[in-house]
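Asker: For this one, chain A is given, so just place chain B on it according to the hints.
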Amino acid sequence: MKGLKKRPRMTTAVDIYIGARMRDRRLALGLTQEALGQKLGVSYQQVQKYENGSNRVSAARLFEICEALDVSLASMFERKLRA
Amino acid sequence: LSKNKKAKRAAKRTVRSPTSLDRHFGERLRVRRLMMVPKVSQKELGEALGVTFQQIQKYELGANRISTATLVRIAAALKVDVQYFFDELPTNLKKNKEIKTPALVEMSLATHGPRLIKAFLNLKNDKLREAVADLATALERAG
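In order, the protein sequences belong to chains A and B.
Under this note's numbering, the first residue of the first sequence carries the number 10, and numbering increases by one thereafter.
Under this note's numbering, the first residue of the second sequence carries the number 10, and numbering increases by one thereafter.
Heads up, some of the hints might be wrong.
Negatives, chain A to chain B, calculated, CB over 10 Å [as the list claims (entries may be wrong)]:
id: 1; residue: 24
id: 2; residue: 27
id: 3; residue: 40
id: 4; residue: 41
id: 5; residue: 48
id: 6; residue: 61
id: 7; residue: 83
Covered, in the sense of this in silico footprint (three residues per stretch, anywhere, with C-beta under 8 Å from a C-beta of chain A), are these stretches of chain B [unchecked claim]:
id: 8; stretch: 28-37
id: 9; stretch: 145-152
Looking from chain B toward chain A, a few residues come up when the C-beta cut is under 8 Å (computed) [said to hold, decoys possible]:
id: 10; residue: 51
id: 11; residue: 74
id: 12; residue: 91
id: 13; residue: 92
id: 14; residue: 94
If you are wondering where the hints come from, they were derived from the structure by calculation, not from laboratory data.
In this text, a Cβ means the ideal position worked out from N, Cα and C, and glycines have one as well.
So here's chain A without its partners, still in its complex pose (with noise of 0.2 Å):
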């Protein structure tokens, strides 16, 4: 393990992973941003902020958006993520 040195705020490969997965599951279920915007209490532009990667996901959030999407925590990380 190094000791990479980060930016607390910064996004990382494993948010952008993160996004992407979560895109395709939404897309799979037919919601729009919005109305996955809606379950969450947040704004649309959040929604899309978490699907770009621009946005850190805390691990909370991350909770939240699997229970809104109805998938285990494990199809998020269905790849073995190395950060």
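Answerer: For chain B alone, coordinates are given in the frame of chain A:
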């Protein structure tokens, strides 16, 4: 992003407080860290992640939100699957409800708890485990 945009954004951002989920993650983190053999100190874990031990402390207390990316790195450092942090959550959990701490977590955080768990599990047979449980029960009654 231009510097200007970033500054604007930072000004607009309201600080979201950590949820009871973050407390749950924190407890899972602490338990796992202390159960590693040998134990991993907050300082060592911090060094592996490039943060201070104070930051690890804040995560463990649930005082700071943990990002998914950070959780992935913590999981790797502690050699567990990310799923570990989401285990033992009540299924109907809603973000602001209190989480009842599982007995095992309480146990791991109690003084001498980890030592007792380790020794108990290393006992050679059920007879010995029974003796320990009987002793604990007797002491509890003696109050």
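Asker: Honestly, which of those hints from before does the structure not fit?
Answerer: Hints 1, 2, 7, 9 and 10 are the ones this structure does not satisfy, whereas the remaining hints hold.
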